[in-house]
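In order, the protein sequences belong to chains D and H. Residue 102 in the numbering used here sits at position 102 of the first sequence, with consecutive numbering throughout. Each number in the numbering used here comes from the position in the second sequence (counting from 1) with 113 added on.
In case anyone wonders, no lab produced these hints; they're calculated from the structure. Incorrect hints may appear among the rest.
Claimed, not checked - Examples of chain H residues toward chain D, derived with CB under 7 Å:
| id | residue |
| --- | --- |
| 1 | Lys-118 |
| 2 | Ala-137 |
| 3 | Pro-153 |
| 4 | Pro-157 |
| 5 | Gly-215 |
As the list claims (entries may be wrong) - Computed list of lysine-lysine pairs in DSBU-like fashion (alpha-carbon distance at most 30 Å, straight line):
| id | chain 1 | residue 1 | chain 2 | residue 2 |
| --- | --- | --- | --- | --- |
| 6 | D | Lys-9 | D | Lys-70 |
| 7 | H | Lys-155 | D | Lys-71 |
| 8 | D | Lys-14 | H | Lys-155 |
| 9 | H | Lys-171 | D | Lys-57 |
Stated by the list, open to error - Chain H residues, not near chain D, derived (Cβ > 12 Å throughout):
| id | residue |
| --- | --- |
| 10 | Gln-116 |
| 11 | Ser-168 |
| 12 | Asp-197 |
No residue lacks a Cβ here, since even glycine has one placed at the ideal position from N, Cα and C.
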Amino acid sequence: DGGITQSPKYLFRKEGQNVTLSCEQNLNHDAMYWYRQDPGQGLRLIYYSQIVNDFQKGDIAEGYSVSREKKESFPLTVTSAQKNPTAFYLCASSILGVENIQYFGAGTRLSVL
Amino acid sequence: QQQVKQSPQSLIVQKGGISIINCAYENTAFDYFPWYQQFPGKGPALLIAIRPDVSEKKEGRFTISFNKSAKQFSLHIMDSQPGDSATYFCAASTDSGGGADGLTFGKGTHLIIQP
């Protein structure tokens, strides 16, 4: 089945720890995105990437880092600099050259211990 | 600064009724306006989308109405069903002719359809 796979589904972070969220897609989409969702806040863009080895900051990039070494993978690292990391994290992908239709994964829920 | 404002925050509609959710945007460079549906614990899924050169788009029971001069757009769900109970998000982006900018989302509307 084609789609976007996020793992793990649930993740716990200790104080001062970096954690990495995985996002893999087998849709052959060019662009990938990370959003953060907080209750009552909608989705906010963290980072996005249109091509391999290139990415742009979104509205709330502070405390996060990403890499795009392969077209199908776009991992997100939540660093210890992110003081309020508890949220639902969503990865999405889209095809370049057509409408900006973004397909979302099922999300990772990150909590702080 | 919130660039896409969505209302109401929550909405209760009787089965068979019409659900209406409204959004307003500020950035006149936005040229792509999708609506997403999200069920608890799941990722959002695209429902329907519109571009500003069209005033209305209908797909099944879902209709987007777009008012470019007022910078507003709305989602109408006709004959609302209990299975439509979900959170709905409007969004906007500068599509840049197929470029892949991120979406700017409204804060969401929690819709409940009462049987």
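Original post:
Out of the numbered hints, which ones does the structure contradict?
Top reply: 1, 2, 3, 9 and 10
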